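S.K.: If you're matching them up, the sequences are chains A and B in order. Under our numbering, think of the first position of the first sequence as 22, with each following residue one higher. Under our numbering, think of the first position of the second sequence as 41, with each following residue one higher.
Simulated from the structure, these hints should not be mistaken for lab results. Incorrect hints may have been included.
[As the list claims (entries may be wrong)] Below, a list of computed lysine-lysine pairs in the DSSO-like style, where the Cα atoms sit at most 27 Å apart:
1. B:Lys-456 <-> A:Lys-159
2. B:Lys-416 <-> B:Lys-180
3. B:Lys-160 <-> B:Lys-183
4. B:Lys-215 <-> B:Lys-258
5. A:Lys-184 <-> A:Lys-46
6. B:Lys-298 <-> A:Lys-51
7. B:Lys-258 <-> A:Lys-163
8. A:Lys-255 <-> B:Lys-456
9. B:Lys-258 <-> B:Lys-184
10. A:Lys-46 <-> B:Lys-416
11. A:Lys-230 <-> A:Lys-43
12. B:Lys-328 <-> B:Lys-352
13. A:Lys-328 <-> A:Lys-230
14. B:Lys-258 <-> B:Lys-183
15. B:Lys-352 <-> B:Lys-387
16. B:Lys-327 <-> B:Lys-352
17. B:Lys-183 <-> A:Lys-51
18. A:Lys-225 <-> A:Lys-256
19. B:Lys-404 <-> A:Lys-51
20. B:Lys-404 <-> B:Lys-416
21. B:Lys-404 <-> B:Lys-391
22. B:Lys-184 <-> B:Lys-298
23. A:Lys-51 <-> A:Lys-184
24. A:Lys-163 <-> B:Lys-183
25. B:Lys-258 <-> B:Lys-180
26. B:Lys-265 <-> A:Lys-46
27. B:Lys-180 <-> B:Lys-327
28. A:Lys-46 <-> A:Lys-230
29. B:Lys-183 <-> B:Lys-352
30. A:Lys-163 <-> B:Lys-180
[Stated by the list, open to error] Pair ranges (Cβ atoms, derived):
31. A:Ala-290 <-> B:Ala-438: 21 to 29 Å
32. B:Pro-443 <-> A:Asp-289: 52 to 60 Å
33. A:Pro-145 <-> B:Lys-387: 40 to 48 Å
34. A:Met-281 <-> B:Pro-440: 36 to 44 Å
Please read all numbers here as calculations on a predicted model, not as lab measurements. Even glycine gets a Cβ: it sits at the ideal position worked out from N, Cα and C.
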Amino acid sequence: MERDPTVCVIGEDVGHYGGSYKVTKGMAEKFGDLRLLDTPIAENSFTGMAIGAAMTGLRPIVEGMNMGFLLLAFNQIANNCGMLHYTSGGQFTIPIVIRGPGGVGKQLGAEHSQRLESYFQSVPGLQMVACSTPYNAKGLMKAAIRSENPVILFEHVLLYNLKERIPDEEYVLCLEEAELVRPGQDITILTYSRMRHHVLQAVKTLVSKGYDPEVIDIRSLKPFDLFAIGNSVKKTHKVLIVEECMRTGGIGASLRAAIMENFFDELDAPIGCLSSQDVPTPYAGPLEDLTVVQPPQIVFAVEQLCKH
Amino acid sequence: MAMATAAVASVRLATTNALPRATQRSRDNEACSALNSAFFKNSIPSSSRSSRKNLKTLNDGSRKGICVRVKASTSDMVKEKALPADGQLISRHEGLDLYEDMILGRAFEDMCAQMYYRGKMFGFVHLYNGQEAVSTGFIKGLKKADYVCSTYRDHVHALSKGVPARQVMSELFGKATGCCRGQGGSMHMFSKEHNVLGGFAFIGEGIPVATGAAFTTKYRREVLKDDSADEVTIAFFGDGTCNNGQFFECLNMAALWKLPIVFVVENNLWAIGMSHYRATSVPEIWKKGPAFGMPGIHVDGMDVLKVREVAKEAIARARRGDGPTLVECETYRFRGHSLADPDELRKPAEKAHYAARDPIAALKNYLLENRLATEKELSAIEETINELIEDAVEFAEASPLPPHSQLLENVFADPKGFGIGPDGRYRCEGPGFTAGTAQV
Chain A
22 MERDPTVCVI GEDVGHYGGS YKVTKGMAEK FGDLRLLDTP IAENSFTGMA IGAAMTGLRP
82 IVEGMNMGFL LLAFNQIANN CGMLHYTSGG QFTIPIVIRG PGGVGKQLGA EHSQRLESYF
142 QSVPGLQMVA CSTPYNAKGL MKAAIRSENP VILFEHVLLY NLKERIPDEE YVLCLEEAEL
202 VRPGQDITIL TYSRMRHHVL QAVKTLVSKG YDPEVIDIRS LKPFDLFAIG NSVKKTHKVL
262 IVEECMRTGG IGASLRAAIM ENFFDELDAP IGCLSSQDVP TPYAGPLEDL TVVQPPQIVF
322 AVEQLCKH
Chain B
41 MAMATAAVAS VRLATTNALP RATQRSRDNE ACSALNSAFF KNSIPSSSRS SRKNLKTLND
101 GSRKGICVRV KASTSDMVKE KALPADGQLI SRHEGLDLYE DMILGRAFED MCAQMYYRGK
161 MFGFVHLYNG QEAVSTGFIK GLKKADYVCS TYRDHVHALS KGVPARQVMS ELFGKATGCC
221 RGQGGSMHMF SKEHNVLGGF AFIGEGIPVA TGAAFTTKYR REVLKDDSAD EVTIAFFGDG
281 TCNNGQFFEC LNMAALWKLP IVFVVENNLW AIGMSHYRAT SVPEIWKKGP AFGMPGIHVD
341 GMDVLKVREV AKEAIARARR GDGPTLVECE TYRFRGHSLA DPDELRKPAE KAHYAARDPI
401 AALKNYLLEN RLATEKELSA IEETINELIE DAVEFAEASP LPPHSQLLEN VFADPKGFGI
461 GPDGRYRCEG PGFTAGTAQV
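Chain B extracted, bound-state conformation (with noise of 0.2 Å):
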């Protein structure tokens, strides 16, 4: 799918009367207003247009070759974007920046597959092939003090938040200088430096993290009274948990408390081999959001710059005080739920009708047509990230596996928390404990 050389980005919005309008105290100088703001006029033919999906079942379950075609519905606060005067959408640093991180996103799933089969990493391994547009989009618009906050599939957000690919692959091998020192695993990925919040392995339960940040942010604003206090957090999560009670409660929560915090939908239509629109009454999960007084917004997930449009706003009207935002991302897992998943269920059309959607093809192509980078730059930055991924396997691969003397250490923060022995001494305090062999 090429995007077009004028502007791209088509995005859906909807919006009740009640919301407040963009406070004097705007933060970034860009002209980033309320979002009733205008967005681009959309100029990609509407055979390729998003959110339009062939699905595949009927209400009763059973699957069929009939295609039912299924729209989300437009509302009238759809408004359209003027162009910047220069008719950049995009400057040539900021388009290599982005490409870079999805490269090596793709780069280090890619190699994560490799090393599976080869038995270097166990478990659960669920990879982010094809949805990268989302967490360049999102992420790489935040500062290194706010918080991201994902699920298992998070391989990738922590990457694009800064974790360097030696800390990440090194979990994955399950080795002692993994970013978790080898505790976390694949699911569960930590960087008290990068702020990346985990990481979880149940759906939904990283949600309410999320929104405790965002709560420790107005915490810190109103009654600490800090004034730099403005770190936003992006909590990432799939369609299967917009079903759960844990969304639904943090809408709440986030919204009635105006928390700094995005919602971002990633809405690859599958949870494991369960259609969304088999789980869903509602399937439109952007319509929640006013439902509990947000802006919900539906964008194209497959595109990065249309991402990175949505994305500029909600943070900035996070970090402006104007509180949460949902956003739903269309997009597209290229491999299966995980390395264990046979991937049966999804049909081939569909699967091939995202491959052409590949949002590092339109990045590139996009790029070229734009004159905003050369195929011999771009390949440069992939044989950069290619020897970064080989680094950070031949790192991997090198560290030692974490010590028996290990296992005890981060039960808990104060290792008091063991109790007194028989002997009266705490048990932390014996041999026993350091060398991890203690029975506690």
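If we strip away everything but chain A, and leave its shape as in the complex, we get (with noise of 0.2 Å):
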């Protein structure tokens, strides 16, 4: 925001209150209140304005207080934010990013508990983009505030108390790369956001077990990094998708699709995939622990693919 005066920030308890999880926090005595813009609820009219700001040349960001309130504001990103840029012939851009905390966290209930990126993966014209570490989330939201194309970021809420050491200077990420985390040669492990941890969680207990997994956050939910992803799966011949979306339509059954498709032959074992159950997230927390991906499943998991 220091770097370019067009960059504002749009959406609820923004300004004044630093935001629900304090990720605008002492930005509106800074940079005012217009640029730290406390909006009234209204999801779908302020992402459309900010859609509109955008195409009169602001580069407005929108954050969705929790990201299941984008749900609100379905018809402006499906409809204005990935489509205007093609309908109006190439006319106006939208570079805006729509970010905002997401997924399953301590108990908040199920519709707290939503996981958006199956929803919007199909809308042409979006990005998407999840990150999973302080790293890679500032330079995710660099990258993403410089793109000249609409990008929706999604957060987690039980990800912003991790503390990491980052660069001094500057860094932007890219927007359309996976991650290599941990380079192995038994098996893929596919994942993303949250799930990042608890693969590597997981993957401690397979490397005391003998495994030696490679594991990869794919980082660009849409596009998929099919170079990153192929070269991995040449490598080991064998892939577990491991996410926090619903298993229906979501993220891993995009992702099988698209690695069947282009690296079949390398293939060793059919593409295992854990996801989330298609329940609504209970608020009990045993029961709400058993609708996401624990550390165990995937140790499981790899142990049975292991074995083609």
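Using the supplied hints, reconstruct the complex from the two chains, each of which is provided in its own coordinate frame.
M.R.: Right, here's the structure in full:
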């Protein structure tokens, strides 16, 4: 926001309150109420307003206080955000970033535990990225802001407290590239967002059992980085996808199809996919844990796949 | 309907006491004050006065032979405006300008109907016949840098704003020379050069976009410290949209942040086959402005001079920084909702009532009666416009269809968004992409 005065943040409680997860803490004092615009509760309209502002020269960042609230903005995101560059014949660009915390938290209840990546992935004209660490959160955010395309950046409610040493100098990550988290030989585990951390937990167990998994955080949910993924598949010949979105029509479903289409001959086993259960997230703790993929399940799935 | 030779505008005004008065920072030289100013005395015989409608439907949705006379209720704040000293509402030059623009709109839409039935354009085409006074009255009061945001009934808004007829016709024919390269079609007219922000198929979804353009103007003034940023945005939409959430949400935000926007309701009383009175608990849309803290105006949308007077004030108000205005224009579409609409629900009596109030005929009479133009001059204008339209059709006919290679070009502003393919190259760098054959 210092670099480019046209960058502004639009959302509920982003200004004086500093953001529901404090992402914009202290910024309204620094940049003013118009650059950190506290909106009334009208997601569809303020998202549309951000789109209109983007078409006319600004670079807004729309925050969904919880990602789930952006369901109310589906009309604007699908119809206008993704489409207007095309239907205007390329005349108007929409350099907007739509971001917010999503995913399953700690007993937040069904409506506050939504994963929207599967709903938006079909919208043409949108790019989608998911961050999972402080390092890639900063780098992807900068890349998303600078991109001329509309980008949805998926953050996770449980990851805001992560601490990590990140470079002092400026860095911008590539929106379309995946991140190799741990090189390995036995199996390719593809994951994103919070499940990366569950995977890494499982990896500790797997390593102690003698396995050598390769872990890739795909980061770019749309489009998929088929180069990084393909290179890994060609090495290990086995794939397990671990994701938090629902099984039906999720990112994993698309990724499986893409891998099968492009790398079928490289596979020694069917592609495994661990997703959340198609269940509205229950409030009760033990039930909630059951809907989301846990490390022991990952360990088990890897063991099964590696038998091939 | 003849416009009387004396002053003509009759405007129903509803304001609240909380509205700000005109600020010192008045940009225009006209004597435009805040909307507490006086308006012209109405001298039209009451039988043809606007905003009375013979309504057909009873609340239970059944349609009987009973006519219910509906009146928009009057506010005590209605005032009258004194005529200018020379008694002229409009100069000859301005009058001819308005006339030409309305003739352009009408002739273009009539040609669209012809072309559609001849199989030159397809899909949903929504024509503007009858509503020309609203488009002309408002848009002719704008600068090129001002923004217009419309709906699917957008051909004439684009034309009034300056988009060449050739480009609009080409777009309707789906040709590569269309204003949107043939990718938008009838319902998605955009022009960056002329600041036409669309063209939207779903009702209501253009209003937030318009609000965003107005926000940009305010942002440029106050954050980027650009004093020359004074663009006004006009959002056009219909009566059906006024029951939609986005309408109310945007009224709220525009008033809250005093955005330079004018919300123009083209109330043609019908949303396809749904009568406004069957859909709306409080049919007076203008009343909803003060509920959100902005003036709500009701104007005869079949009378371009009245619309123009209201437009001048509302646009000036926005440009000064005094905030938004809601203007309800009572108007009527002479054709069906779209070219696919058999238009069986509207009664012949209603159609005849409004046909007698054809805005083009009205302006023509006014110009002739006030000796601002001669028959010959007006015919010459019509002739010129007909030639323009013919030329637009020829141009569109002769233009090429978009090639296959165009398919993927505008999906992303930055085509890296298609991602990295298995070979490590960005998909957009491969030959399949530029040929439009890549599976992305």
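S.K.: Decide if the proposed pair is consistent with the structure: Lys-328 of chain A and Lys-230 of chain A, CA atoms, cutoff 27 Å inclusive.
M.R.: Cα-Cα ~14 Å, so holds.
S.K.: Has the given pair, Lys-328 of chain B with Lys-352 of chain B, been kept, meaning a C-alpha gap of at most 27 Å?
M.R.: 21 Å, holds
S.K.: With a cut-off of 27 Å on the C-alpha distance, tell me whether Lys-46 of chain A and Lys-230 of chain A pass.
M.R.: 44 Å, violated
S.K.: With the threshold set at 27 Å, check whether the alpha-carbon distance from Lys-184 of chain B to Lys-298 of chain B stays at or below it.
M.R.: Holds - the C-alpha atoms of Lys-298 of chain B and Lys-184 of chain B are around 22 Å apart, at most 27 Å.
S.K.: Is the hinted pair Lys-184 of chain A and Lys-46 of chain A satisfied, with a Cα-Cα distance of at most 27 Å?
M.R.: 17 Å, holds
S.K.: Straight-line Cα separation of Lys-183 of chain B and Lys-352 of chain B no greater than 27 Å?
M.R.: Satisfied, since the Cα-Cα distance of roughly 12 Å is no more than 27 Å.
S.K.: CA of Lys-225 of chain A to CA of Lys-256 of chain A, is that 27 Å or under?
M.R.: The hint holds at about 21 Å.
S.K.: Are Ala-290 of chain A and Ala-438 of chain B spaced within 21 to 29 Å by their CB atoms?
M.R.: Violated - the Cβ-Cβ distance for Ala-290 of chain A and Ala-438 of chain B, about 59 Å, lies outside 21 to 29 Å.
S.K.: When you check the alpha-carbon spacing of Lys-46 of chain A and Lys-416 of chain B, does it fall within 27 Å?
M.R.: Not OK: Lys-46 of chain A and Lys-416 of chain B at ~69 Å, beyond 27 Å, violated.
S.K.: Are Lys-352 of chain B and Lys-387 of chain B close enough, with their CA atoms no more than 27 Å apart?
M.R.: This hinted pair is violated, its Cα atoms lying about 34 Å apart.
S.K.: Between Lys-255 of chain A and Lys-456 of chain B, does the CA-CA distance stay at or below 27 Å?
M.R.: Holds, at roughly 24 Å.
S.K.: Do the alpha carbons of Lys-456 of chain B and Lys-159 of chain A lie within 27 Å of each other, as the hint requires?
M.R.: 20 Å, holds
In summary, the structure is inconsistent with hints 3, 4, 10, 11, 15, 17, 19, 24, 28, 30, 31 and 32 from the numbered list given earlier, while agreeing with the others.
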